[in-house]
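Protein sequence lines correspond, in order, to chains A and B. The first sequence lines up with residues 1 to 404 when you count with this note's numbering. The second sequence lines up with residues 1 to 404 when you count with this note's numbering.
Any copy, or any two copies together, can satisfy a pair, since identical chains are not distinguished.
Restricting the straight-line Cα-Cα distance to at most 30 Å, the calculated cross-link-like pairs of lysine-lysine (DSS-like) are:
no., residue 1, residue 2
1, Lys154, Lys4
2, Lys22, Lys274
3, Lys189, Lys244
4, Lys11, Lys154
5, Lys244, Lys11
6, Lys290, Lys57
7, Lys274, Lys40
8, Lys189, Lys11
9, Lys57, Lys22
10, Lys57, Lys274
11, Lys57, Lys40
Hints listed in this document are in silico derivations from the structure and should not be mistaken for laboratory results.
Given next are the chains, with one letter for each unit.
There are 2 protein chains.
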Amino acid sequence: MNWKLAARAEKMNPSVLREILKVTERPGIISLAGGLPSPKAFPINAFAEACAEVLHKDGQAALQYGASEGYTPLREAVAAMLPWPVDPAQVLITTGSQQGLDLVAKVLLDPGSRVLVETPTYLGALQAFSPMEPEPVSVASDNEGVVVDDMVAKAQDARFIYLLPNFQNPTGRTMTEERRAAVSAAAAKAGLPIVEDNPYGELWFDSAPALPLTARNPDGCIYLGSFSKVLAPGLRLGFMVAPKAIFPKLLQAKQAADLHSPSFNQRMVHEVMKDGFLSRHVPTIRALYKRQCEAMVAALQREMKGLSVEFVKPAGGMFLWVRLPEGIDTVALLPKAVERGVAFVPGAPFYAGQGDPRTLRLSFVTASVDEIDTAIAALAEVVREQLAHHMAAEVQRQLAASPA
Amino acid sequence: MNWKLAARAEKMNPSVLREILKVTERPGIISLAGGLPSPKAFPINAFAEACAEVLHKDGQAALQYGASEGYTPLREAVAAMLPWPVDPAQVLITTGSQQGLDLVAKVLLDPGSRVLVETPTYLGALQAFSPMEPEPVSVASDNEGVVVDDMVAKAQDARFIYLLPNFQNPTGRTMTEERRAAVSAAAAKAGLPIVEDNPYGELWFDSAPALPLTARNPDGCIYLGSFSKVLAPGLRLGFMVAPKAIFPKLLQAKQAADLHSPSFNQRMVHEVMKDGFLSRHVPTIRALYKRQCEAMVAALQREMKGLSVEFVKPAGGMFLWVRLPEGIDTVALLPKAVERGVAFVPGAPFYAGQGDPRTLRLSFVTASVDEIDTAIAALAEVVREQLAHHMAAEVQRQLAASPA
Numbered sequence: 001m002n003w004k005l006a007a008r009a010e011k012m013n014p015s016v017l018r019e020i021l022k023v024t025e026r027p028g029i030i031s032l033a034g035g036l037p038s039p040k041a042f043p044i045n046a047f048a049e050a051c052a053e054v055l056h057k058d059g060q061a062a063l064q065y066g067a068s069e070g071y072t073p074l075r076e077a078v079a080a081m082l083p084w085p086v087d088p089a090q091v092l093i094t095t096g097s098q099q100g101l102d103l104v105a106k107v108l109l110d111p112g113s114r115v116l117v118e119t120p121t122y123l124g125a126l127q128a129f130s131p132m133e134p135e136p137v138s139v140a141s142d143n144e145g146v147v148v149d150d151m152v153a154k155a156q157d158a159r160f161i162y163l164l165p166n167f168q169n170p171t172g173r174t175m176t177e178e179r180r181a182a183v184s185a186a187a188a189k190a191g192l193p194i195v196e197d198n199p200y201g202e203l204w205f206d207s208a209p210a211l212p213l214t215a216r217n218p219d220g221c222i223y224l225g226s227f228s229k230v231l232a233p234g235l236r237l238g239f240m241v242a243p244k245a246i247f248p249k250l251l252q253a254k255q256a257a258d259l260h261s262p263s264f265n266q267r268m269v270h271e272v273m274k275d276g277f278l279s280r281h282v283p284t285i286r287a288l289y290k291r292q293c294e295a296m297v298a299a300l301q302r303e304m305k306g307l308s309v310e311f312v313k314p315a316g317g318m319f320l321w322v323r324l325p326e327g328i329d330t331v332a333l334l335p336k337a338v339e340r341g342v343a344f345v346p347g348a349p350f351y352a353g354q355g356d357p358r359t360l361r362l363s364f365v366t367a368s369v370d371e372i373d374t375a376i377a378a379l380a381e382v383v384r385e386q387l388a389h390h391m392a393a394e395v396q397r398q399l400a401a402s403p404a
Numbered sequence: 001m002n003w004k005l006a007a008r009a010e011k012m013n014p015s016v017l018r019e020i021l022k023v024t025e026r027p028g029i030i031s032l033a034g035g036l037p038s039p040k041a042f043p044i045n046a047f048a049e050a051c052a053e054v055l056h057k058d059g060q061a062a063l064q065y066g067a068s069e070g071y072t073p074l075r076e077a078v079a080a081m082l083p084w085p086v087d088p089a090q091v092l093i094t095t096g097s098q099q100g101l102d103l104v105a106k107v108l109l110d111p112g113s114r115v116l117v118e119t120p121t122y123l124g125a126l127q128a129f130s131p132m133e134p135e136p137v138s139v140a141s142d143n144e145g146v147v148v149d150d151m152v153a154k155a156q157d158a159r160f161i162y163l164l165p166n167f168q169n170p171t172g173r174t175m176t177e178e179r180r181a182a183v184s185a186a187a188a189k190a191g192l193p194i195v196e197d198n199p200y201g202e203l204w205f206d207s208a209p210a211l212p213l214t215a216r217n218p219d220g221c222i223y224l225g226s227f228s229k230v231l232a233p234g235l236r237l238g239f240m241v242a243p244k245a246i247f248p249k250l251l252q253a254k255q256a257a258d259l260h261s262p263s264f265n266q267r268m269v270h271e272v273m274k275d276g277f278l279s280r281h282v283p284t285i286r287a288l289y290k291r292q293c294e295a296m297v298a299a300l301q302r303e304m305k306g307l308s309v310e311f312v313k314p315a316g317g318m319f320l321w322v323r324l325p326e327g328i329d330t331v332a333l334l335p336k337a338v339e340r341g342v343a344f345v346p347g348a349p350f351y352a353g354q355g356d357p358r359t360l361r362l363s364f365v366t367a368s369v370d371e372i373d374t375a376i377a378a379l380a381e382v383v384r385e386q387l388a389h390h391m392a393a394e395v396q397r398q399l400a401a402s403p404a
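Please put together the full structure from these sequences, using the hints given.
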């Protein structure tokens with residue numbers, strides 16, 4: 001049978017993360033790899049009550065087809081909870097914020113279109129953009145976010161820049177107020193649209209991050225949000241806020257993609273959020289993740305002592321980004337770590353361009369404090385071993401290269 | 001701000017159906033337009049029990065991220081319920097079967113790729129394929145389905161033919177056993193892959209339709225199924241069965257599109273379907289729809305008497321396709337019908353090529369028997385009026401054209 005693949009499908013490669021996550025499902029492995037929110041934080045009872053209430057009160061509508069835009073009361077609730085004036089007519093409910101990335105790509109990217117991304121950036125965004133065959137361009141980034149001069153230098157003909165300013169996946173870094181102001185002004189001046197992804201913004205530890213980029217220039221930005229981290233990912237609900245100029249196109253792409261997101265789930269989430277539930281629930285998640293993050297930072301400081309390991313303590317979110325000493329390749333390190341019962345994600349796949357082989361991403365939210373301690377100790381042991389191998393090989397190489 | 005649209009987005013037009021459905025939401029309108037299953041048939045109590053059970057028994061997993069392939073027990077249940085040997089590893093759970101069409105398009109269609117469709121075909125499929133910018137080619141079709149010779153004549157370089165053999169949307173027609181055998185053999189001989197869409201197959205009135213095309217040549221077909229018509233559309237769950245040769249590409253496209261379909265909904269549906277629920281529930285839907293279809297057929301025969309109106313009585317499904325007398329354009333007719341309190345969908349948008357302006361689609365599943373009677377009577381009245389106008393205009397035209 002002549003199954004001829006589209007050119008974009010020929011280029012698709014199995015996701016590195018996917019294959020890794022399969023390995024980490026083996027029993028006995030402590031996974032610091034996945035971006036899975038802690039199931040301890042899922043409000044199961046609140047959902048059970050909401051399900052019963054929605055089916056009792058509004059069962060027929062909850063089980064019927066709905067509008068592609070989403071359930072109106074949920075769109076209104078989203079608009080009301082955002083920290084700048086948002087018309088509910090600009091809110092599109094999506095099947096997770098991952099779908100928002102798919103729709104943005106369909107509406108804004110032609111083959112070869114330049115799309116600017118951070119260094120490194122969210123791997124799922126690269127995957128979502130990839131079927132539209134754009135050319136991702138890596139913009140230099142430091143601990144405060146994307147570097148403005150490099151962004152401006154690369155802005156010409158770019159369709160947009162994709163930014164994740166709060167507790168970024170994978171680096172955990174947060175864009176400072178000063179950097180936001182500068183990025184927003186420079187992007188507006190260059191006519192460069194911003195796609196702002198904010199799945200983790202509510203997961204701050206000590207103080208809320210600065211105002212979103214979109215709040216500073218709503219007509220120049222598409223904002224993506226998610227219920228996955230403040231409620232539960234298994235409902236697959238996110239949202240996007242888009243300028244009126246392009247909303248209709250995103251809506252049409254949404255309709256073609258899956259008609260609409262589940263009516264039932266939208267009503268469940270709306271029901272759960274009533275009466276300020278999130279303002280009581282989210283602080284419990286923040287406290288849990290803060291505790292686990294501190295445990296991981298302490299474990300890294302304790303176990304990696306004497307190794308030149310670099311990391312920045314995150315101010316929120318789910319991830320900690322680590323750079324291991326010279327000579328370590330984290331892709332090669334992973335199978336050794338898995339043998340010792342610990343999994344992580346190598347950093348290289350998160351780069352649009354050449355990746356840094358010494359980097360890796362650790363999640364501090366899924367494993368318990370005890371598991372974190374055990375896992376980081378095991379990881380440090382593997383790193384020391386690999387380093388010893390590397391140095392032995394280096395000595396051998398130098399001996400071999402020296403005159404006989 | 002420089003929002004530059006992708007070429008595919010420039011071409012997107014608001015869905016005709018969408019705009020019509022908005023009008024029909026006005027109170028007092030009897031809508032025969034939408035493809036909404038009867039909410040009377042939704043098993044609300046069974047869902048309420050399933051929600052409670054899933055959250056109680058398996059709440060953390062139901063609310064967590066899941067595998068892109070879908071929930072394993074649901075994939076196994078799908079494989080087991082299909083009438084040919086299916087390996088659960090070939091089943092991909094999708095966010096409604098609409099998403100299956102989006103994934104097929106991403107994996108198999110390049111800009112300009114020829115994709116064969118029936119005349120007329122499902123509008124939602126044309127919309128799902130459209131972002132990949134293929135060239136849809138209309139294959140001649142009669143009351144038994146697609147015409148084999150025309151399919152073969154157009155098969156060269158086509159990526160696939162999209163077929164909806166059971167109670168087709170929009171025509172309600174069903175492909176006969178003889179036609180299926182011929183289509184299957186001819187497609188295999190021509191090396192033409194088939195994408196078989198079967199959302200309505202279970203909704204037969206008197207006897208089940210013939211075996212799916214996919215059952216006859218599993219390696220040459222992708223099969224799309226849905227839970228929307230046998231359970232409820234508001235959960236947005238469908239599935240696809242794909243040959244092992246292309247399954248990995250579809251899976252990658254799925255992961256990029258929305259990571260996975262809602263874990264919670266997949267468990268709910270699996271829970272509801274246990275213990276043979278569908279074999280008790282679906283017969284009640286069949287009986288309801290059969291009764292309403294018969295009422296609509298009787299109303300059409302009664303009210304349209306003397307008009308040369310053509311339609312074929314469906315053997316199942318949700319839709320009845322009507323061809324009105326010469327001189328009627330159903331797009332122009334619609335606003336007049338809405339004024340009289342009845343809505344339908346004009347047939348023209350369902351054609352990949354030139355549409356037949358005399359056709360329209362009626363749904364017999366959402367409105368009650370009384371509403372169907374009222375609506376068809378009103379529709380007949382509007383048709384008679386339009387016909388009178390048309391004939392008066394025709395007489396005027398002939399008088400004006402005759403020698404003075």
